[in-house]
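There are 2 protein chains.
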Amino acid sequence: MMMSKAAFGIDIGGTTIKCGLFSEDGTLLKKKIIPTRTEDDGSHILEDIRDCILEVLDEEKLDKQDLIGAGLGVPGSVTNDSIVNKCINLGWGVLNVSETMSALLEIPKEKICIGNDANMAALGEYWKGSGKDYNSLMFITIGTGIGGGLIMDGKPVNGANGAAGEIGHLPIVTDLRRFCACGKIGCLEQVASANGMVKEAHTYIDLETQRRKRSMQPDEQIYNGPRKEDLATSEDVFDLAAAGSALGFTVVEKMCIYMAKALACVACVVDPECFIIGGGVAGQGEDLLDRIRHYYKTLAFHPSIETPILPASLGNDAGMYGAVKLVLDKA
Amino acid sequence: MMMSKAAFGIDIGGTTIKCGLFSEDGTLLKKKIIPTRTEDDGSHILEDIRDCILEVLDEEKLDKQDLIGAGLGVPGSVTNDSIVNKCINLGWGVLNVSETMSALLEIPKEKICIGNDANMAALGEYWKGSGKDYNSLMFITIGTGIGGGLIMDGKPVNGANGAAGEIGHLPIVTDLRRFCACGKIGCLEQVASANGMVKEAHTYIDLETQRRKRSMQPDEQIYNGPRKEDLATSEDVFDLAAAGSALGFTVVEKMCIYMAKALACVACVVDPECFIIGGGVAGQGEDLLDRIRHYYKTLAFHPSIETPILPASLGNDAGMYGAVKLVLDKA
Numbered sequence: 001m002m003m004s005k006a007a008f009g010i011d012i013g014g015t016t017i018k019c020g021l022f023s024e025d026g027t028l029l030k031k032k033i034i035p036t037r038t039e040d041d042g043s044h045i046l047e048d049i050r051d052c053i054l055e056v057l058d059e060e061k062l063d064k065q066d067l068i069g070a071g072l073g074v075p076g077s078v079t080n081d082s083i084v085n086k087c088i089n090l091g092w093g094v095l096n097v098s099e100t101m102s103a104l105l106e107i108p109k110e111k112i113c114i115g116n117d118a119n120m121a122a123l124g125e126y127w128k129g130s131g132k133d134y135n136s137l138m139f140i141t142i143g144t145g146i147g148g149g150l151i152m153d154g155k156p157v158n159g160a161n162g163a164a165g166e167i168g169h170l171p172i173v174t175d176l177r178r179f180c181a182c183g184k185i186g187c188l189e190q191v192a193s194a195n196g197m198v199k200e201a202h203t204y205i206d207l208e209t210q211r212r213k214r215s216m217q218p219d220e221q222i223y224n225g226p227r228k229e230d231l232a233t234s235e236d237v238f239d240l241a242a243a244g245s246a247l248g249f250t251v252v253e254k255m256c257i258y259m260a261k262a263l264a265c266v267a268c269v270v271d272p273e274c275f276i277i278g279g280g281v282a283g284q285g286e287d288l289l290d291r292i293r294h295y296y297k298t299l300a301f302h303p304s305i306e307t308p309i310l311p312a313s314l315g316n317d318a319g320m321y322g323a324v325k326l327v328l329d330k331a
Numbered sequence: 001m002m003m004s005k006a007a008f009g010i011d012i013g014g015t016t017i018k019c020g021l022f023s024e025d026g027t028l029l030k031k032k033i034i035p036t037r038t039e040d041d042g043s044h045i046l047e048d049i050r051d052c053i054l055e056v057l058d059e060e061k062l063d064k065q066d067l068i069g070a071g072l073g074v075p076g077s078v079t080n081d082s083i084v085n086k087c088i089n090l091g092w093g094v095l096n097v098s099e100t101m102s103a104l105l106e107i108p109k110e111k112i113c114i115g116n117d118a119n120m121a122a123l124g125e126y127w128k129g130s131g132k133d134y135n136s137l138m139f140i141t142i143g144t145g146i147g148g149g150l151i152m153d154g155k156p157v158n159g160a161n162g163a164a165g166e167i168g169h170l171p172i173v174t175d176l177r178r179f180c181a182c183g184k185i186g187c188l189e190q191v192a193s194a195n196g197m198v199k200e201a202h203t204y205i206d207l208e209t210q211r212r213k214r215s216m217q218p219d220e221q222i223y224n225g226p227r228k229e230d231l232a233t234s235e236d237v238f239d240l241a242a243a244g245s246a247l248g249f250t251v252v253e254k255m256c257i258y259m260a261k262a263l264a265c266v267a268c269v270v271d272p273e274c275f276i277i278g279g280g281v282a283g284q285g286e287d288l289l290d291r292i293r294h295y296y297k298t299l300a301f302h303p304s305i306e307t308p309i310l311p312a313s314l315g316n317d318a319g320m321y322g323a324v325k326l327v328l329d330k331a
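Heads up: the sequence lines are chains G and R, in that order.
The opening residue of the first sequence carries number 1 in our numbering; numbering runs sequentially from there.
The opening residue of the second sequence carries number 1 in our numbering; numbering runs sequentially from there.
Just chain G, with the same shape it has in the complex (with noise of 0.2 angstroms):
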C-alpha cells in the first residue's frame, strides 16, 4: 500500500497500548496493540512504541519523512507545555514525553503531541464519533473509575493544573462513609464508577449484617441476602437490580441519580452541546441511560434541561482518534 503521509494515534493504558496508523483524513489504517510494560517505572513504554511504529512503517512502506507526527494520550495530567506530571498506573514520574519520544524517534519533537488519555478520547468521539454534530460537549467514561473530557469550541480542555474535566471527583454525594483513593470523601466516583457501585453494594450489606448481629429483632433471621464475595463486578450489581433485589436496586439507581446531578453540575459551569457517556458500565445500553436521563431532567437547570446525553460511539479506539487528531490538527 502507498500513500503520501500518515500519522500515529497511541493510547497508553495501563494494561495495553494501542497504536493506531492514520492516514491524512483520519482513516484507521491499522492497529496494533502491545502490553504495557509498567517495570522498571515504565522506562520501556515509549521504547516499546517507538518500536511499534517502526515495524508498522516498515510493514506499510512508509518512510520516517512519511511521518506527520505521533499523538500520545497518556493516564495523568498533561500540562499545556506536554509535560507528563505524574502516571501513577505506568510508573512515570515528571516526564518530558515529547522530548524523549522525538529523541527515540529522531524526529522534531514538534511532531509529537501529548494529551490527557480522557481528554484525547473526548477529543476523538468529537471528531469522529458521537460528537461529530456538536462544537462542545462533556465525555464521561465510566469504567473502573470516572474519567471525563471537556471539548470547547473543538479543542480539549486541560485546566489550570490538568484537572479539568475530572468529574469522578465532584464532591457531591453526601452519605458516604467511604474515603476516595484520591484522599477525600464524597466523589462521585465512589458511587457511580463499577468499583463504586460494588464497593457501594459492599457497605450496605455489611452494615446489615452488623446491625441484625447487634440487635436482631425476634422474627428476624441473620442476614441472608445476597453476598459479598458474589458481587465482585458491577455486572453482578446490575444483574441483581434486573432480578429485582432492592440492594441491586438501591445501588444502581443512586449510581443513576448522581451520574445525572453530576451531568446537571456541569452544565451549570459550561453548558455544553451535548453529554457522551462511553465505558465499560454504559455497555449497560440505553436503559441505563434513560435512568440518567430521566434524572437529569429533574435535576438540570431549565435552560439546559434538553441537552442530549448520547452513547460514545468508538469505544476503545476513541483515545487513538483523538491523539491522531492532535497531531493532525498541529501539522
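One thing to keep in mind: the hints can contain errors.
Copies of one chain are not kept apart here, so a pair can be met inside one copy or by any two copies together.
Below, computed lysine to aspartate or glutamate pairings styled on EDC-like, alpha-carbon distance capped at 20 angstroms [unchecked claim]:
(1) K184 to E306
(2) K18 to D239
(3) K86 to E306
(4) K30 to D63
(5) K128 to D25
(6) K155 to D230
Hints listed in this document are in silico derivations from the structure and should not be mistaken for laboratory results.
Since chain G is already given, all that's left is putting chain R on it; use the hints.
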C-alpha cells in the same frame, strides 16, 4: 477634552443603567447612571440608553464617527448571535438588541455588542480587575441571587443555552425543604445568596417555633430566639453570627461550605486559574473569603487545591468594563 476614538460600556440592571465612556485603551473617562424604566415591557430602555450616549458624546464634544461602538450587558441569557432571550427583570421577551440599538443610534449593528451581565462582569474583572494576571477564571457574584461568568482563554463562555457560569443553580444542597425560583429543589442560591441566607434563617426559626408548639418539654420556653422580622437582610444574619448566635453561625457556615463545594465542582469541570468573588455579600470581606478558602481546601480535588480565591476589585463597574471590552476586542 479631545480624543480620537471612544467606546461605551453599558451595564443594564433591573434598577439602574450604568453608562461608561471609555478611551480606546480602556480608561473609564465618564460614567452616568440612569434609572431603568421597566414600564411598557421595558420598551423605553434602549431609547433612554441612546439619549444617554448622545448626551455624553455631546458633552465630550465627540462625534458619532468617533464612536468605536457600544457594548451592553443585560440581565438574561444571550445567544451567540446576540439575541437576548428574555430578561424578566427588564420586561423584555426575545429581542435583537444589536439591531434595535444600531437603528436607534444610526450606526452599523456590528458596532453593538451584547453579553450576559455576569459574563460581562467576569470579563471586566479578567481585563482590568483581580483577574488581570490570569487566562481563565470563574467569577461569582453573591448578591440577592448568585450569578457567575466563566472566562476561558480570555473569552466569556456563553454555553449552548446561555447557561454557562450559572452556578447559582448547581443542584448540590441536599437538606433543603424550599423551592428555588427556577422550580428546582437543591440550588446553591438557596443557601449561599443574600436572599437564600435570610430564607434559611427564617426556615430554622419556623421549624423551631413549630417544634416547640407541638411538643414543648416541661423545662422549655416558647421560642424566644432571634425573630424573623429582625433578620431582613444577609447583613442581619452576619451580625447575628458575629454576636455568637448559633442560628447566625449555622447559616453563615452553611453558606461558606456550600460556596466552597460549588467552587470545588467548578474546579473539577474547568479547573480555572482563579476564582473571583464579588457582589454585595462578598462585601463581608476577607473573613468570609477565608472561611470559603478553608472549606475549599478540604473539598477540592487535589490538583486544584491551591487555586486562588480572590475578591473582585472593580465593584459595580465590572460590568461596564466587560461590556466595552467586547467592543474593543471586535474593533
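Results of checking the hints against the structure:
In the homo-oligomer, the alpha carbons of K184 and E306 lie at most 20 angstroms apart only across protomers (15 angstroms), although the nearest pairing inside one protomer, at 32 angstroms, exceeds that limit. In this assembly of identical chains, K18 and D239 lie within 20 angstroms of each other by CA distance neither inside one copy nor across copies; the values are 31 angstroms within and 61 angstroms between. In this assembly of identical chains, the alpha carbons of K86 and E306 lie at most 20 angstroms apart only when taken from different copies (18 angstroms versus 38 angstroms within one copy). With identical chains, the CA atoms of K30 and D63 are at most 20 angstroms apart within one copy only, with a shortest distance of 16 angstroms there and 65 angstroms across copies.
In this homomeric assembly, K128 and D25 come within 20 angstroms of each other (Cα to Cα) only inside a single copy, at 11 angstroms, whereas the closest approach across copies is 43 angstroms. Taking the closest pair of Cα atoms, K155 and D230 never come within 20 angstroms of each other, the shortest separation being 43 angstroms inside a single copy and 52 angstroms across copies.
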